[in-house]
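Chemist: Work out the full structure, taking the sequences as your base and the hints as a guide.
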Amino acid sequence: MESMSYTYDRLRDEATQLLTATGLVTSEHITLANPKPNIPADLAFPVFAAAKAAGAGNPNEFAQRLASDIVLPENGLIGKVEPAGGFVNFAVDPARYADSVLAEVREKGDTFGNDPTVGADRNLILEYSSPNIARKMHVGHLRSTVIGHSLYLILKALGYQVTADNHLGDWGTQFGTLLAAIDQEKLTPWNDPDPVQSLVEIYSRFNNAARENPALMDDARAWFKKLEDGDVWARETWQKLIDITLVEFDRTYARLGVHFDTTHGESYFEPMLGPLIQEALEKGVARKEDGGAVSVHFDDKLPSCLLQKSDGATLYQTRDAATCIYRWNTYHPVRNIYVVGAEQKLHFQQVFEIVRRMGYTEIADASLHISFGAVTDATGARFSMRKGTAIFLNEVLDEAIERAIGTIREKVAEGKTEITEEEIPEVAEMVGIGTVIYADLYQGPERGIKFDWDKIMAWDGNTSLYIQYTHARCRSILRKAALTPPTPSFASGRGGAEERGGGEGSLLITPEEQVVLKQLARLPHAVREAGEKFLPATVAEWTYNLAREFARFYDKCPVLTAPTPELRDARLALVSATAQGLKNGLTLLGIGAPERM
RNA sequence: GCACCCGUAGCUCAGCGGAUAGAGCAACCGCCUUCUAAGCGGUAGGCCGAAGGUUCGAGCCCUUCCGGGUGCGCCA
307 MESMSYTYDR LRDEATQLLT ATGLVTSEHI TLANPKPNIP ADLAFPVFAA
357 AKAAGAGNPN EFAQRLASDI VLPENGLIGK VEPAGGFVNF AVDPARYADS
407 VLAEVREKGD TFGNDPTVGA DRNLILEYSS PNIARKMHVG HLRSTVIGHS
457 LYLILKALGY QVTADNHLGD WGTQFGTLLA AIDQEKLTPW NDPDPVQSLV
507 EIYSRFNNAA RENPALMDDA RAWFKKLEDG DVWARETWQK LIDITLVEFD
557 RTYARLGVHF DTTHGESYFE PMLGPLIQEA LEKGVARKED GGAVSVHFDD
607 KLPSCLLQKS DGATLYQTRD AATCIYRWNT YHPVRNIYVV GAEQKLHFQQ
657 VFEIVRRMGY TEIADASLHI SFGAVTDATG ARFSMRKGTA IFLNEVLDEA
707 IERAIGTIRE KVAEGKTEIT EEEIPEVAEM VGIGTVIYAD LYQGPERGIK
757 FDWDKIMAWD GNTSLYIQYT HARCRSILRK AALTPPTPSF ASGRGGAEER
807 GGGEGSLLIT PEEQVVLKQL ARLPHAVREA GEKFLPATVA EWTYNLAREF
857 ARFYDKCPVL TAPTPELRDA RLALVSATAQ GLKNGLTLLG IGAPERM
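Note that the numbering used here has the first sequence beginning at 307, numbered continuously upward.
Keep in mind that the hints are not guaranteed to be accurate.
Only pairs whose alpha carbons sit at most 27 Å apart, straight line, appear in this in silico DSS-like list of lysine-lysine [what the hints assert, rightly or not]: (1) 722 x 693; (2) 717 x 531; (3) 358 x 386; (4) 722 x 546; (5) 607 x 594; (6) 756 x 693; (7) 342 x 824; (8) 386 x 342; (9) 492 x 531; (10) 492 x 546; (11) 722 x 761; (12) 532 x 615.
No lab work stands behind these hints: they were computed from the structure.
Modeler: Right, dumping it as structure tokens:
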């Protein structure tokens, strides 16, 4: 499939071609940089490496020679070439660039920024969220869910056939704990008013008791073994625990707008575990220890781990290795991605290495752990379900929506918004939940997050609310413009203006207008980069910057009352394109773009 | 002890080996008779944890150290 070419791509290609056409540099020495904001150019070519390769002594002179040898084509996107120190700087032709960008945003609409040629329909597995059954989702689950879902949207926009998998924690000794407690105390949590809360309490009560009396844990381990062995009561009870928990999880996912294609819990892979251990033993990857446990040793690079406990039960590593191989056999993905906390880095290194040693090198190479730092409280302490310090995800969402409703009502009282009473609940949800999502996505994932209500609900500056507000302002202008009769040039799109000897872009020449256009043009680049780095923050940053540049334009350049009808139309086109860009950026983050707020 | 992540403005963070290191928050000063002031402009704020090295050029790459976090078989 031929790669997709946006205006910004053509700008870069044009610069590269102009440089190579001089015969002084070859494409291998060309890397284009973004000039610093104080430099009046849009693309820069640092000549140092090329000058060296060409045997030119002085980079400054080489840059001057290059610039003077370049012949600009008549209708190209580049309008000016200038040497500056060891750089050759390219500036766009404002009118032609503006026309091209506006046209492509108008043409692509909701798909502006997408590039399906990157993924080219290849399969990709993306695992995220993966909460444990019989627990409530707390703020710690937010990161995997939100980062994962945004990556899902971004990778789909890049043309991958993405399978989103919610790898539910529905297996393991923790279920032995619950079964032991339910059995001992003859409990029926599924009949309680808040069944999942009951499970959380049962689990914590049992663990507390087990610390006093370690023999209880033996009972728990025994019950998990029974579950694995297919004990009827254990299986039925376990299924009930899953069912009652999923009801609650699904409600949370619906609020967040998060989607999954499959929800194979760990238990799904359980039938594959025996054969997997057998295969690992036969291939000499694992070995049986004296106590009966099956272990894997990795030279001195990685600490060793277990595939089977001495009582015959399996572990997390066993199930993940089986999952990995299953995914290879089922999907043959080019990437197998896990969005899981940083504390599991070693775990995934071990799993991928086990799989590699078993001969599944393709899936080992394709597998990737996208890790993120832990969420802690303001003092840096981790949230603990046991100590009752955990903040539940639904609480956070409720609080965010409450605050959004409060603020919207204030604006209604001040007469600052056209929002209707009926629209408030929907918009408050978009705004409140968007705020929570954005607070996680705007920064890179490696750092930990200190959970702070005021910060997560912050409503100034780099927040989703600012972006949504900017979008609503765009839409407001466009609504008002529709109330007055459009002039012919706007009604016929770019055609009318071009007949007058220049597109609407030729009128958008103020710095404020140009900066918005140039930022708009970069969305495809930002989306591709986000996909390459698996980093939604790239898209968040682009979207925020577009909103910021537009806010400056909004302040300086009247649209509806522009000096001439032609300029009004040209600016309306810019407003429309900006609204589209903001919406597309927010959408890729999993955040809604309200019409009014 | 070993491994990985982080260390950039008072706080939270951006910064593909390139030009004078950037945003937001907080602080201070301005701007609503004009498209939503949830906004815009301005001021102030920095030995980019430290020291060596590589390079024409280092916040970015290498080495060592310091500080914080996380993880190191019968939990997940």
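Chemist: Compare the structure with each hint and give your call.
Modeler: Now for the hints, and whether the structure bears them out:
no. : hint      : in the structure
1   : 722 x 693 : violated, 45 Å
2   : 717 x 531 : violated, 59 Å
3   : 358 x 386 : holds, 25 Å
4   : 722 x 546 : violated, 50 Å
5   : 607 x 594 : holds, 21 Å
6   : 756 x 693 : holds, 18 Å
7   : 342 x 824 : holds, 14 Å
8   : 386 x 342 : holds, 17 Å
9   : 492 x 531 : holds, 20 Å
10  : 492 x 546 : holds, 15 Å
11  : 722 x 761 : holds, 25 Å
12  : 532 x 615 : holds, 14 Å
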